[in-house]
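Enquirer: Residues per chain, in single letters:
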Amino acid sequence: MILFFFTNEATAQKNTLSGTIRDKTSGEPIPGVNILIADKQAGTVSDSLGCYSIDLTEGTYTLTFSFMGYNKEKTTIYLDGDKKLDVHLVYDGIILREVVVTEKKDNQHVNSTETNAVLLVIESMRNLPSFLGEVDLMRAMQMIPGVQSAGDGNTGFTVRGGNADQNLVLLDDAVIFNPSHLFNIFSVFNPDAIKDLKLYKGGISPSYGGRLSSVVDIKMKEGDMHNYRLTGGVGLISTRLSVEGPLQKGHSAFIISGRRTYADLFLKLSSDENNRNTKMYFYDFNVKMNYVINQNNRIHLSVYNGQDITLLTNLFGFDYGNTLGSLRWNKIISNRFFSEHTLMVSQYQFNLSGDVGQTSFLWNSLLKNINLKSDFNLKLNDKNTLTFGWQSIYHNLKPGNINANIQGIMNTNIHLTNQNGMEHGLYASNEQHFFNDQLVLNYGLRISFFQVMGPGNHYTYDKTDPMKWQVMDSIRLEKGHFYDIFSALEPRLCFRFLINENQSVKGSYNRMTQYIQQAQSTRSVAPYNVWYTASNNIPPQQSDQYSLGYFRNFFSHQIETSFELFYKDMKNISDIIDNGNLIGNEFLEGELRTGRGWAYGLEILIQKQKGNLQGFMGYTWAVARRQTHGINNDRVYYAPNDRRHDLSLSGSYTITSQWVLGLNFVYATGSAFTMPIGKMFYQSSFAPIYGDRNSSRLPHYHRMDLSLTFSPDFKDRKEKRFKSTWNFSIFNLYGRMNPISVSFAQKDGKPHTSFFYIPGPVPSVTWNFNL
Amino acid sequence: MAKIYLTIKNGLLVILLVTGLLTGCQKSVILEIADEEGCFLIIEANILDDGLRQYIRISQSTSYYEESEGKGIADAIVWLESDEKDYTFGAIMSEDRLGFYFNDSVSSELQGKKLDLFVEYQGTTYTATSQWKPVPEIDSVSLTLNAFSELGLTSDTLHEVWVHFRDLPSDDNYYLFNLYINGNIKTWRPSLKVVTSNENLDDYVSYSILSLRQDEIEEGDVIQLEIRSISKENYEFYNAFLFQTDFSGNPFAGAPPANIPTNISNGAHGFFQVSAVSRKSIVF
Numbered sequence: 001m002i003l004f005f006f007t008n009e010a011t012a013q014k015n016t017l018s019g020t021i022r023d024k025t026s027g028e029p030i031p032g033v034n035i036l037i038a039d040k041q042a043g044t045v046s047d048s049l050g051c052y053s054i055d056l057t058e059g060t061y062t063l064t065f066s067f068m069g070y071n072k073e074k075t076t077i078y079l080d081g082d083k084k085l086d087v088h089l090v091y092d093g094i095i096l097r098e099v100v101v102t103e104k105k106d107n108q109h110v111n112s113t114e115t116n117a118v119l120l121v122i123e124s125m126r127n128l129p130s131f132l133g134e135v136d137l138m139r140a141m142q143m144i145p146g147v148q149s150a151g152d153g154n155t156g157f158t159v160r161g162g163n164a165d166q167n168l169v170l171l172d173d174a175v176i177f178n179p180s181h182l183f184n185i186f187s188v189f190n191p192d193a194i195k196d197l198k199l200y201k202g203g204i205s206p207s208y209g210g211r212l213s214s215v216v217d218i219k220m221k222e223g224d225m226h227n228y229r230l231t232g233g234v235g236l237i238s239t240r241l242s243v244e245g246p247l248q249k250g251h252s253a254f255i256i257s258g259r260r261t262y263a264d265l266f267l268k269l270s271s272d273e274n275n276r277n278t279k280m281y282f283y284d285f286n287v288k289m290n291y292v293i294n295q296n297n298r299i300h301l302s303v304y305n306g307q308d309i310t311l312l313t314n315l316f317g318f319d320y321g322n323t324l325g326s327l328r329w330n331k332i333i334s335n336r337f338f339s340e341h342t343l344m345v346s347q348y349q350f351n352l353s354g355d356v357g358q359t360s361f362l363w364n365s366l367l368k369n370i371n372l373k374s375d376f377n378l379k380l381n382d383k384n385t386l387t388f389g390w391q392s393i394y395h396n397l398k399p400g401n402i403n404a405n406i407q408g409i410m411n412t413n414i415h416l417t418n419q420n421g422m423e424h425g426l427y428a429s430n431e432q433h434f435f436n437d438q439l440v441l442n443y444g445l446r447i448s449f450f451q452v453m454g455p456g457n458h459y460t461y462d463k464t465d466p467m468k469w470q471v472m473d474s475i476r477l478e479k480g481h482f483y484d485i486f487s488a489l490e491p492r493l494c495f496r497f498l499i500n501e502n503q504s505v506k507g508s509y510n511r512m513t514q515y516i517q518q519a520q521s522t523r524s525v526a527p528y529n530v531w532y533t534a535s536n537n538i539p540p541q542q543s544d545q546y547s548l549g550y551f552r553n554f555f556s557h558q559i560e561t562s563f564e565l566f567y568k569d570m571k572n573i574s575d576i577i578d579n580g581n582l583i584g585n586e587f588l589e590g591e592l593r594t595g596r597g598w599a600y601g602l603e604i605l606i607q608k609q610k611g612n613l614q615g616f617m618g619y620t621w622a623v624a625r626r627q628t629h630g631i632n633n634d635r636v637y638y639a640p641n642d643r644r645h646d647l648s649l650s651g652s653y654t655i656t657s658q659w660v661l662g663l664n665f666v667y668a669t670g671s672a673f674t675m676p677i678g679k680m681f682y683q684s685s686f687a688p689i690y691g692d693r694n695s696s697r698l699p700h701y702h703r704m705d706l707s708l709t710f711s712p713d714f715k716d717r718k719e720k721r722f723k724s725t726w727n728f729s730i731f732n733l734y735g736r737m738n739p740i741s742v743s744f745a746q747k748d749g750k751p752h753t754s755f756f757y758i759p760g761p762v763p764s765v766t767w768n769f770n771l
Numbered sequence: 001m002a003k004i005y006l007t008i009k010n011g012l013l014v015i016l017l018v019t020g021l022l023t024g025c026q027k028s029v030i031l032e033i034a035d036e037e038g039c040f041l042i043i044e045a046n047i048l049d050d051g052l053r054q055y056i057r058i059s060q061s062t063s064y065y066e067e068s069e070g071k072g073i074a075d076a077i078v079w080l081e082s083d084e085k086d087y088t089f090g091a092i093m094s095e096d097r098l099g100f101y102f103n104d105s106v107s108s109e110l111q112g113k114k115l116d117l118f119v120e121y122q123g124t125t126y127t128a129t130s131q132w133k134p135v136p137e138i139d140s141v142s143l144t145l146n147a148f149s150e151l152g153l154t155s156d157t158l159h160e161v162w163v164h165f166r167d168l169p170s171d172d173n174y175y176l177f178n179l180y181i182n183g184n185i186k187t188w189r190p191s192l193k194v195v196t197s198n199e200n201l202d203d204y205v206s207y208s209i210l211s212l213r214q215d216e217i218e219e220g221d222v223i224q225l226e227i228r229s230i231s232k233e234n235y236e237f238y239n240a241f242l243f244q245t246d247f248s249g250n251p252f253a254g255a256p257p258a259n260i261p262t263n264i265s266n267g268a269h270g271f272f273q274v275s276a277v278s279r280k281s282i283v284f
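Read top to bottom, the protein sequences are chains B and S.
For the first sequence, position 747 matches number 747 in my numbering, and the numbering has no gaps at all.
For the second sequence, position 26 matches number 26 in my numbering, and the numbering has no gaps at all.
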């Protein structure tokens with residue numbers, strides 16, 4: 001079914017040099033290390049497991065291993081047969097004077113074949129301003145060109161004109177349904193537990209599937225195999241603590257990280273009983289263990305649990321959270337053949353409860369998936385590397401059981417129909433090098449399937465009136481039986497053409513299919529996460545994306561630039577009809593319509609990674625539009641995240657070895673929203689009359705943040721084991737009021753408009769330590 | 001610190017939580033709105049079977065910030081049609097009642113009927129249809145101390161007004177409740193009116209309509225409760241009205257701005273509803 005073509009050149013006898021690159025102290029594998037062979041002008045990059053493999057003829061070679069934040073390692077080797085060379089790199093201190101956005105090292109920016117991939121390293125962000133002192137990868141990610149932030153006080157984001165539910169957010173391969181705490185203000189990622197975040201906004205590898213717009217691949221730290229360490233921080237709103245160390249020196253390690261907010265603890269001191277009975281906090285903890293069975297086998301176990309708890313005066317409770325687990329087995333089958341098998345479980349639940357006198361209610365909802373996958377990496381020869389694998393996911397979506405009871409009046413038990421499905425993916429791709437590595441082509445195919453599973457209900461709607469679907473019929477889906485089957489072929493292609501050492505052209509095409517999606521209005525911050533599967537009423541979403549970029553480095557790779565164009569066409573993407581009811585609605589599908597969405601734009605990135613002054617500037621010009629039958633009288637409208645201009649500046653300046661100044665500046669065209677074109681007076685009340693959907697603009701968004709990081713122990717860091725830093729941040733320095741949403745209401749008998757916003761400036765101080 | 005809104009929507013409790021975090025961050029603004037006056041016709045036609053004089057109000061929409069109730073339209077032709085009979089609504093040509101059209105006979109002949117509304121204005125005919133449905137008789141009205149007051153959660157003393165009635169046997173009824181004190185309507189605007197479906201109500205219903213603050217009532221005041229039968233569409237109209245006005249823009253409510261639905265054709269706004277009505281009073 002899948003055709004592969006390889007170039008088989010008759011070559012001299014080749015020997016394979018392979019090995020694993022690890023951190024010298026922690027023993028963690030380091031992916032993305034640049035391996036250069038000095039005399040040959042050739043090289044490779046270590047894969048996600050830190051493994052590398054390169055074919056060379058007999059001879060003596062000098063290899064350089066380099067990776068951001070590590071000392072370079074040079075080794076000379078004589079090769080007269082297949083050889084194994086494991087390398088340990090030395091980490092370059094606790095504070096990295098690096099910028100937020102980094103795309104690996106030296107000419108990696110130009111040379112890498114991964115188009116549209118951006119790596120964020122947590123360490124690099126500690127010198128930059130943060131909101132309330134919480135270093136947040138998701139928030140930093142929103143500064144990358146092509147990523148649109150959902151607004152202040154919101155970790156939600158969209159990528160290249162897509163919807164917010166089209167991003168596959170993975171923590172150690174397990175899906176996170178709601179990556180936010182405290183009504184979207186903070187992300188669930190504890191900076192002490194996270195190693196890095198990789199964002200793919202295009203050119204997505206066929207090993208990923210199930211979402212249209214992006215993949216956010218977040219990796220947890222592995223834990224130190226040799227020494228025990230204690231890391232932590234005290235901020236304005238939360239405290240963090242991490243312990244890591246070997247379980248069995250050199251063989252196994254663990255890391256346990258915890259974080260909790262503590263504002264509510266002060267409420268206990270209040271003299272007001274209602275305040276004492278109010279709780280509002282979140283916590284999360286991450287555990288990771290890894291065990292080296294032998295040179296070729298390694299096991300990783302990752303667990304995350306986080307909860308938000310809100311309890312108002314003992315009457316009203318609201319809690320939600322994610323629980324994830326993943327178990328991974330890396331096996332090196334031979335020096336050319338690596339494999340990875342992973343089992344992942346994700347769960348998101350929210351509970352809403354209230355007990356006010358005669359009225360009580362309880363709403364439980366749960367989203368669950370169990371995911372099993374295998375990935376293989378086979379180095380066929382020095383020109384071809386084959387990647388292939390499969391994945392199966394069981395989706396179990398329980399929108400909820402709702403019980404509402406008003407004593408003696410009504411007792412309602414509503415069981416919203418569960419939705420179940422099996423999603424499968426099968427993929428293969430080949431990375432092929434041509435013309436002495438000048439051209440690299442990565443082509444592949446993913447075949448995906450989705451089966452609707454019982455138990456559940458299948459509804460048929462009368463769709464005569466596109467504005468109002470009426471339920472006509474329902475069929476009960478039996479447990480364990482399969483119903484509708486959807487499938488898709490998803491070709492993926494990307495290339496990199498190296499013009500010279502400093503310049504390259506990269507392009508990609510990818511088709512993505514999405515079988516489950518979320519029903520949520522874009523601006524709502526409430527964590528009622530209602531997801532639903534593809535069905536007879538809601539076909540799967542599909543996108544085709546094309547991108548083309550020119551990458552150029554200046555001044556010996558000190559300044560990196562890129563110019564990228566993209567066009568994305570999306571089929572069957574859903575939107576909510578006017579006055580649609582998404583909460584506790586059994587006939588949810590009747591409130592949604594599917595249509596076409598398209599987006600295009602230009603993204604420019606300029607970054608400087610070396611020297612005392614480091615930073616980046618990102619600029620995006622883009623358009624995102626929608627057309628949906630039954631919405632906006634079938635006319636074309638702007639997507640809410642349509643922003644014509646989006647500019648981000650982020651930088652740090654090292655004043656002395658102890659003091660670092662950080663700055664962020666963001667400017668974006670106001671997002672599209674629906675504005676009244678008049679008002680009506682009905683039964684003594686005003687109500688707005690609206691024009692076309694999303695035809696007006698919120699005011700422009702702009703904001704500046706400033707930070708100062710002080711490292712008192714930096715001077716003598718070699719001698720001291722205990723090191724600490726102080727970070728002073730001001731978020732929204734000049735107090736710009738950036739609206740989250742607009743209200744059109746009535747006040748004192750007059751029409752009244754107001755903005756909801758997060759007031760600024762917000763100062764914060766955080767103390768971080770490392771022992 | 002926080003406000004909780006409880007409302008009934010589609011027979012469910014909809015809970016809106018507004019924490020201090022957000023209510024503290026709301027700022028009044030005047031937006032530049034590119035609107036025009038008089039673009040749309042607004043029709044307010046709520047016809048009751050209480051035997052009294054009924055009115056229909058026809059007005060023009062206004063620009064958003066204008067503090068006007070909309071110019072009343074006096075030169076439209078307004079009538080209702082049943083299978084048997086037409087009922088003409090006549091305009092009164094006085095300055096303060098411009099746009100009001102009255103009829104004295106329709107109210108006593110409504111029972112069981114399906115009526116069509118016609119409004120002819122400047123060459124366009126706007127139409128809508130509504131079916132009369134029965135309403136339960138109110139058994140009694142009572143007052144209790146509100147649970148919040150009982151628990152000392154509010155500084156005000158709140159009196160909860162309850163209505164007791166035997167529900168109609170069929171499950172597809174929708175009701176609207178109004179409250180009057182000494183003949184003055186307390187539920188004067190659509191967002192204050194209480195609407196519900198009877199799908200999840202018990203056979204004998206005791207229903208808490210709203211709470212009155214101590215300073216809103218005095219001993220000897222006449223408290224009157226009214227139930228009206230409404231259609232599902234009218235019920236959705238009132239829910240949408242609440243979400244598009246009082247809850248508008250609330251980041252927790254998650255209702256994107258949209259026009260309040262209407263049952264009137266040709267781009268007019270408003271609603272036409274024929275209702276049965278039942279009332280009961282008590283003295284406080």
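Honestly, I wouldn't trust all of these hints.
Computed from the model, here is a short list of chain B residues facing chain S with C-beta under 10 Å [to be verified]:
hint, residue
1, F435
2, L439
3, M680
4, S741
Simulated from the structure, these hints should not be mistaken for laboratory data.
Glycine is no exception: its CB is placed at the ideal position from the N, C-alpha and C atoms.
Enquirer: All hints are to be evaluated individually against the structure, with a verdict given for each.
Expert: To see whether the hints hold, each was checked on the structure:
no., hint, verdict
1, F435, "violated, 53 Å"
2, L439, "violated, 47 Å"
3, M680, "holds, 4 Å"
4, S741, "holds, 4 Å"
The structure fails hints 1 and 2 (numbered hints given earlier, in ascending order).
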